[in-house]
Amino acid sequence: MRTVSRGLPLLAGALAIAYPWLVPNYYLVYAGALTVMYAAMSTSWNLLGGFTGYVSLGHSAFFGLGAYGTGLLVVRLDVPWLVALPVSALLVTLFAAGVGIAAVRVRGASFVIVSIALVSMMNLVVQGWRSLTGGSTGLQVPSPFPGLHRGQTHLVFFYLFLVLLGVALLAWWQISRSRFGAGLRAIREDEDKAESLGVPTAAYKVAAFALSALFVALAGGLYALWFGSLDPIFVFSILIGSSMVLMSLLGGVRHLLGPLLGALIVAPAGEYFLIALGETQIHLTATGLVLVLVVLFMPEGILARFARRRAGPSIPDESADQRLQGVSS
Amino acid sequence: MSLLAQGLALGVLTGGLYALLASGLSLYFGVMRVVMVAHPAFLFLAAYLTYTAHTVFGVDPFLALPVTVPLFFALGVAVQRLLIARLAPENVAMMSVLLTFGLALTIEGLLGTFYTGSYKSISMDYATRSLTVAGVHLPYDKIIAFLVAALTLGVLFAVLVKSRFGQALRATIQHREAARLVGIPTERVAGHGFGVGLATAAAGGTVLALITPFFPASHWVWIGKLMAVIVVGGLGSVTGAALAAVLLGVVEGVVLVTVDATWATMMFYVFLFLALLVRPQGFFGGRLAHRF
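If you read the protein sequences in the order shown, they are chains U and R.
Taking the working numbering, the leading residue of the first sequence gets 226, the next gets one more, and so forth.
Taking the working numbering, the leading residue of the second sequence gets 17, the next gets one more, and so forth.
Here chain U stands alone, though its shape is the one from the complex (with noise of 0.2 angstroms):
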């Protein structure tokens, strides 16, 4: 058993490195980079909702940031982009650790409130500051990889975007065996018990925030510089804030993994739609459909029913009178 549970998790990382060259074409890389991507994006955002239980709906808002930072230093500063993309993300966190100290302040539905809220503010400040970003026509960001196809391009993204996730899987694996993570799972649990058991709650969420921010906004710079155009309306979509919490909750919150399977489920099958169905708004009401089910019959997520049923019962189904012969042998 321990030989199996620590062989899978490299197979599947040599499985996923090996994926480019296993498939019969680019778009099928370029699909596979848009799958990483999501599966990064919606770990970072479990490190706040997984942990915390503070669903938050406008997490696109530190995606488009993170990319409209990095193409703006890129395009309008002539930063080169490998410095771009991280003093872009750095900026996003701190912006995310402003922001967040006035945002947990509320629990609740009034959380998702004020992130759908925070979603539509950077929409309008985009759209509306026309001189520096361009506004709603959007913003052309060179390559930054002028020498390759569009296909070799796809395949770097890849990478890049592997190497995030396994960035952001590593980090929320540290937090979940630290104190932190326990601080923050208290709060899940009872906020006010934690509180008063001495976990220093406001800062914990505050750092959850701005540390999930972090990779969602590298993510971001890594697409800008990945598509080369930006459309506010896209970057800033509440859908794109939507599937990470969809990609999330369908895998299971509480889990590693979690985030990744629902990724790996739901980007595949947007693009299927996509093909399938053409450009139409149908997608819009599988998603939401799909939401609604996992809502009600499956807030836990896939990766719960299977722990549980692994698990069996948490407390073990012996008699007294064997227990009792296991002490005094």
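Hint data in this document are derived by calculation from the structure and do not stem from the laboratory.
It is possible that some hints are incorrect.
SDA-like cross-link-like pairs, simulated, lysine to any residue; straight-line CA separation at most 25 angstroms [unchecked claim]:
{"hint": "1", "chain 1": "U", "residue 1": "K418", "chain 2": "U", "residue 2": "Y429"}
{"hint": "2", "chain 1": "U", "residue 1": "K418", "chain 2": "R", "residue 2": "K136"}
{"hint": "3", "chain 1": "R", "residue 1": "K136", "chain 2": "U", "residue 2": "A511"}
{"hint": "4", "chain 1": "R", "residue 1": "K136", "chain 2": "U", "residue 2": "S361"}
Just a few of them, taken from the derived set where beta-carbon distance is under 7 angstroms, the chain R residues facing chain U [claimed, not checked]:
{"hint": "5", "residue": "A109"}
{"hint": "6", "residue": "M111"}
{"hint": "7", "residue": "G118"}
{"hint": "8", "residue": "L147"}
{"hint": "9", "residue": "T148"}
{"hint": "10", "residue": "M282"}
{"hint": "11", "residue": "L288"}
Each pair of labels, with its calculated beta carbon distance range [stated by the list, open to error]:
{"hint": "12", "chain 1": "U", "residue 1": "R330", "chain 2": "R", "residue 2": "G170", "range": "53 to 63 angstroms"}
{"hint": "13", "chain 1": "R", "residue 1": "T132", "chain 2": "U", "residue 2": "I500", "range": "14 to 24 angstroms"}
{"hint": "14", "chain 1": "R", "residue 1": "V175", "chain 2": "U", "residue 2": "V312", "range": "36 to 46 angstroms"}
{"hint": "15", "chain 1": "R", "residue 1": "V72", "chain 2": "U", "residue 2": "D456", "range": "26 to 36 angstroms"}
{"hint": "16", "chain 1": "U", "residue 1": "V304", "chain 2": "R", "residue 2": "F73", "range": "51 to 61 angstroms"}
{"hint": "17", "chain 1": "R", "residue 1": "G133", "chain 2": "U", "residue 2": "F522", "range": "26 to 36 angstroms"}
{"hint": "18", "chain 1": "U", "residue 1": "A501", "chain 2": "R", "residue 2": "T132", "range": "50 to 60 angstroms"}
{"hint": "19", "chain 1": "R", "residue 1": "G199", "chain 2": "U", "residue 2": "V392", "range": "55 to 65 angstroms"}
{"hint": "20", "chain 1": "R", "residue 1": "S179", "chain 2": "U", "residue 2": "W398", "range": "54 to 64 angstroms"}
{"hint": "21", "chain 1": "U", "residue 1": "E414", "chain 2": "R", "residue 2": "F73", "range": "53 to 63 angstroms"}
{"hint": "22", "chain 1": "U", "residue 1": "V392", "chain 2": "R", "residue 2": "T278", "range": "31 to 41 angstroms"}
{"hint": "23", "chain 1": "R", "residue 1": "V294", "chain 2": "U", "residue 2": "A322", "range": "18 to 28 angstroms"}
{"hint": "24", "chain 1": "R", "residue 1": "G170", "chain 2": "U", "residue 2": "L316", "range": "47 to 57 angstroms"}
{"hint": "25", "chain 1": "U", "residue 1": "L521", "chain 2": "R", "residue 2": "F181", "range": "37 to 47 angstroms"}
Positions of the beta carbon are idealized from the N, C-alpha and C atoms, including for glycine.
Following the hints, put chain R in place on chain U, whose structure we already have.
Frame of chain U, contents of chain R only:
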């Protein structure tokens, strides 16, 4: 000065409409403690149904109301009984937002598929002129919107205050367990409360169709605006929401004529954040927010 008067007058008229559009949200929050993100999507569903009635059958938009209002009442009851009531009670606040968010996406997708993504609008002859009082132009469509909103809200208040159903509904909002103890079937009342809330969306959608062009994604803007109205007004208070609606309508109107449209919309979010930071229970209503 006349510019300011213009902004003020338009603001009051629009504020009246906001009060109607937000009244349903207050009801949902009152009866179920649910933030119904899909309310604006239902508004535009009503707007599109009105549009169909107008273009296919050639009837006046307001003649669609006898059909859409009962239909939306039934939809509201169904949403509450079949979906919201099934959620686990310990996490209903978060999960209901996600659930209604899913509904909003579903409706938007259906509207986009059936009506395409392009702008639609209904223009009636009587709605295009404007009335001039003391140098202030008041467009007739805005006046009509205000009157319909005032009328609908008047009926809503009369029902809530005078009728037995209204008393049961208010009792359910104030204290669910106590209401059940005195024999009120709170489950059914909550369902009907949702129905009434969605019925206001039918009326509001018809008015919206008359005064503004719309497309399937229009509802996102309104989520922010209407949430700002009910949070500033105090979640769950219909009166507070009405006062906040007029206040925000006036602020929007004045900023619109003195600065620009971006800042006018931004004011809603500014007020939303201010309200959450300074007075999370809302500026009107306060601790008695759940009473009328």
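So, going through the hints one by one against the coordinates:
no. : hint                                : verdict
1   : U:K418 - U:Y429                     : holds (15 angstroms)
2   : U:K418 - R:K136                     : violated (52 angstroms)
3   : R:K136 - U:A511                     : holds (24 angstroms)
4   : R:K136 - U:S361                     : holds (21 angstroms)
5   : A109                                : holds (4 angstroms)
6   : M111                                : holds (5 angstroms)
7   : G118                                : holds (3 angstroms)
8   : L147                                : violated (32 angstroms)
9   : T148                                : violated (32 angstroms)
10  : M282                                : holds (6 angstroms)
11  : L288                                : holds (6 angstroms)
12  : U:R330 - R:G170: 53 to 63 angstroms : violated (37 angstroms)
13  : R:T132 - U:I500: 14 to 24 angstroms : holds (20 angstroms)
14  : R:V175 - U:V312: 36 to 46 angstroms : violated (58 angstroms)
15  : R:V72 - U:D456: 26 to 36 angstroms  : holds (34 angstroms)
16  : U:V304 - R:F73: 51 to 61 angstroms  : holds (60 angstroms)
17  : R:G133 - U:F522: 26 to 36 angstroms : holds (31 angstroms)
18  : U:A501 - R:T132: 50 to 60 angstroms : violated (19 angstroms)
19  : R:G199 - U:V392: 55 to 65 angstroms : holds (60 angstroms)
20  : R:S179 - U:W398: 54 to 64 angstroms : holds (58 angstroms)
21  : U:E414 - R:F73: 53 to 63 angstroms  : holds (56 angstroms)
22  : U:V392 - R:T278: 31 to 41 angstroms : holds (37 angstroms)
23  : R:V294 - U:A322: 18 to 28 angstroms : holds (21 angstroms)
24  : R:G170 - U:L316: 47 to 57 angstroms : holds (51 angstroms)
25  : U:L521 - R:F181: 37 to 47 angstroms : violated (28 angstroms)
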